[in-house]
Each structure stands twice: as structure tokens, then as C-alpha cells.
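Peer 1: Protein sequences, first through last, are from chains A and B. With positions in the first sequence counted from 1, the corresponding number in our numbering is that position plus 16. With positions in the second sequence counted from 1, the corresponding number in our numbering is that position plus 148.
Derived by calculation from the structure, the hints in this document are not laboratory data. A hint or two may mislead.
Unchecked claim - Lysine-lysine pairs mimicking DSSO-like chemistry, simulated, CA-CA at most 27 Å apart:
#1 Lys429(B) with Lys458(B)
#2 Lys227(B) with Lys181(B)
#3 Lys227(B) with Lys99(A)
#4 Lys181(B) with Lys160(B)
#5 Lys99(A) with Lys292(B)
#6 Lys213(B) with Lys292(B)
#7 Lys227(B) with Lys213(B)
#8 Lys203(A) with Lys180(A)
#9 Lys458(B) with Lys180(A)
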Amino acid sequence: MFEAIAFYLFAFLTVAMFSITVLTSQALYALTSLAAGMIFISAFFFLLGADFLGAVQIIVYTGAVMALYAFGMMFFDTTRELKEKNSSSMIVFGLSGLAALMVVVIFVTPIASEHISAIYPMHENVGNTQEVGMILFTKYLVPFEVAAVMLLVAMISGIVLAGKKMDRSLTQMSEEEIQSMQESDKKAVL
Amino acid sequence: MDTAFIIETIIKIVVILLVFSALAGFGTYFERKVLAFMQRRLGPMHVGPYGLLQIAADGVKLFTKEDIVPAGVVGPIFKIAPVITAATAFMAAAAIPFLPEFTLFGYTVHPIVADINVGILYILGVMAIGLYGPLLGGMASNNKYSLISAARGAAVFISYEVVTGLSLLAPMMMVGSLSLIDFNNYQAGGIGEWIIWSQPVAFILFWIAAFAETGRTPFHLIANDHEIIDGFGTEYSGMRWGLFFIGEYANMFFISFVMAIIFLGGFGDGTVLGAFALLGKVAFFFFFFLWTRAAWPDVRPDQLMWLCWKVLMPIAVLNIVITGIVMMF
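Given these sequences and hints, build the entire structure.
Peer 2: Structure representation (C-alpha cells):
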């Protein structure tokens, strides 16, 4: 009974939070409710006994949404409401409704057909973390490594794009050095 | 899941909440006294014997002060930010074993709210959520300095979180579990078996990261001293500001518990002596937080980021690789 109560409570909270994310025109509300919704989702993992995934959900999405906040700070005055430009609300509602319907169909079809079974069932007396590790490093080793390489590529390109003049620190240079650097920059542009 | 279990859990939660809220109050008193003695002052002396009732006076002041919500702030976010800091600090405590098992009136008590088998991950994750408090408070405050403070907070968070995770990975590999109780049992054999002897590098790294995690002095960047005001807390008053404080001090206690259990043997074999030893270790770590505040200046944000990304993270990765090689052969 307690599990049912917890499930419906968190289901309601999650849906409410994501609704706020979509419907509000205040950047700070949207970001905060997004973070809250992501964290409430971890409750379902805990309820299903997948402790590891629950904790990972919290850690990953806390950091990810934190980066979104940083962008929010750069682009918006977060204490004011945003004026949104909606050229046609019909298209927005139509497309988002269709997308939602498709997701529901994709996930309901296997359940409705009753041919659902775990390919890798849980072992008795083996922890969550160990199970995930075992699957990750046997069956899914190649996708796992490819994802790691992709992240490495993204990281290196990020450093290359943002890392011009990273060897110089403005806070540690004297005024003359900064001036001469700016002048040489101007010459380079000309 | 039976009703007795639910009642027991609720009692444990209430006890932890009360004890650590009170300890957070005492923490401010200890901090003022320790800082005062290190700076050759007396500290609070006027209210009660040795100024002990200063905590009660502060409490009365915080609770009865007018609750001001300035014009132009984003109301709901502004109000919920201190609650996030305080609540997540206590939520993290759910996976910490505070004492060894003991028997009370013939009933065995496990002084841990939920022994989930991913304890450390859970604690780190929930403590990380705690940083949303200063961030949201700063962004909702409609104050330039609060906003800058929030930006510094986000930068610090992104830097230290990597070091915290990576430094703990090596001890986790040795123990082969994420539960703090397993960590404790791994070191139950006495001082010689403490993880600090086999993982000194990880211990130092985690200790440094703990200062960033709790926002204590060498890395107290969310409030910047030369802006003269209190960073994200500028617009807060009364108990809303007090909740930030409770969260910070509770976090200091909890991270001290985590360090003592992971690296310094925890409560050992579970005797009464072991329990007192754990409390002693926690007290030492808490004292060290105060000591550092008296002895060290703050670093600049760019220095912290340099330290985390260019020094601590490579050392942590090297530590993991070396641990792996040693464990393999």
C-alpha cells in the first residue's frame, strides 16, 4: 500500500513539475521545475529497487540542469517574464500532441502484447551496481566505449574552440603586458 | 513492509533531525569560540555562563525577526531556496550509519535510516542538490551581487564535483561496495586496516573537496569578502537566512561522518569504545573546518578552478589507475 501511495505521489509531482516547465514563461520557474522533475523521477527507480540508477539519475541531472542554469544566467534576465513569440499555436499543439501520442504507443505496445520478459533477469544476492557493471562490460561493451569516445571528442573540440589564449591569465599579467597584448591583437585584425 | 518498520524509521528521522538541528546551533557557538581563541579574543561571553546561552538568544532573534521578501524578487523560488539547502543536507544523512548497532530494551536498533547499497553515490548526489539553494537564492534575489555569487557557486560546483567522485572511486574499488556499512566492516580490524593507510592520496583529495562541498573557508566563494556583503544571502533575513546556516553546519557534520567512516575506520568493530572513537573523529574533522577558517585566506575562483581541474583531477585519475594496477597483480 505504501508503495502505491509513494508511486501516485511522485507520479503527480513529476507530471506537475514538467507541466510547469513547459507552460511557464518565467525562465527561473522552468529551470527549477525541470530540476525538481528530474529528481522526482529518481523516486521511481528507488521504488522499483533500482537503487543504482536512482542515485545516478540524481547525480547526472543535477549537474546537467546546473549547466542549463548557467546558460539561463547568460541569456535571460531571470527575474522577468519572457515574451514568447508564438506564430501559430495550432502547429505547436498539434506537433507536441502527436509526439506525446507516439511515445505512449511505443511504450504501451510491448506491454499490451504480453510478450514481455527480461533478457537479463536479476540474480539473487547480487547488488544493483554489480548487475549494471556486468551487462555494461559484456553485452553492451562496444556501445559503452563508443559513447566514451564520443564524449572525448566533444571534450577535445570544446577545449580547442574555447581554449584560445588559455596559457595567458589576465589576472596574473601587469597592465603593460595587457596593453601590449591588446595592441598586438588589433594589429592582427588589421 | 510492516507498520513497525515505518514507525521505527519515522522515529529515527525525527531523532536525527532534532539532534543535528541542535548541533548546527551549537556549531555556530563552537565556531565563534574557536575563532575567538585563535585570534586571542574571548568570543561570546555575556549571555549565560561562558556565553553558552548565546545560541538561544540567536535562535530567538532569528525566529522572531520580520520576514522580509524584497520587491522584484521571484517570490516562490526566493522562498524555496533556503529550504532546499536545509532539506537536502538532512536527506543526505539517510544513508549514514551514525553509531554501531545497539540494543535498547531488548530491541536491536540500526542507527541508519536506510541502508541502501549505493549509499555513497546517494549521499554525494543529494549533497550536490544542496548547491541549488545558493544558486536559486542568488538568481531569484534581483540583486547583482547575489547573481554574481550564484554564478561563482555554479562554477565551483562544476569544478569540485569531479574531484569528489574520482577521489572516492579508488576506495570503492578496494572495498567493492558502495554501502557505508560495508566500508566500516572492511576496516573493522583496527587502526592498521584503515583505508587512509592504503589510500592517503584519495583521503587528502576528498578532504580538500569536502571544503568546497560545504563551502568552507579556503573555498568560501559563494560569499565574497571584498564585496563586503554576503553573496547569495544578501536579500535574506530572519529564519530564511537561518535555514541556509543550518544547512551549512549540518552538511559539515555529515561530511565529517562520511570522511571518518570511509577513511578512518568508522566505528570499528561496533563496541561502545568504537562508537566514541567515531564521534571523536567527527569532532576532529569539524574542528579542522573551524581551524582552517581561522588560519587561511580565501582563494580566488580562478585559483580554485585551476586547482580542481589541473592539479586534483589528474592526481585523482592517476590514483585510480595505480590502484587498479596494484589490485590486478
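Peer 1: Determine for every hint whether it applies to the structure shown.
Peer 2: Against the structure, the hints:
With a CA separation close to 31 Å, the supplied pair Lys429(B) and Lys458(B) exceeds the 27 Å bound. Only pairs whose Cα atoms come within 27 Å are accepted, and Lys227(B) paired with Lys181(B) is rejected, the gap being roughly 31 Å. For the proposed pair Lys227(B) and Lys99(A), the alpha carbon gap of about 24 Å is at most 27 Å, so the pair holds. At most 27 Å may separate the alpha-carbon atoms for a hinted pair to count; Lys181(B) and Lys160(B) exceed this at roughly 31 Å.
In summary, the hint linking Lys99(A) to Lys292(B) is supported, as the alpha carbons are separated by about 22 Å, within the 27 Å threshold. A hinted pair counts as satisfied when its Cα atoms are at most 27 Å apart, and Lys213(B) with Lys292(B) qualifies at roughly 25 Å. Of the supplied pair hints, the one linking Lys227(B) and Lys213(B) holds, its CA atoms being roughly 16 Å apart against a limit of 27 Å. For the hint linking Lys203(A) to Lys180(A), the alpha-carbon distance of about 17 Å falls within 27 Å, and the restraint holds.
The suggested pairing of Lys458(B) with Lys180(A) holds, with an alpha-carbon distance near 17 Å, which does not exceed 27 Å.
The structure is inconsistent with the numbered hints 1, 2 and 4, although it conforms to all the rest.
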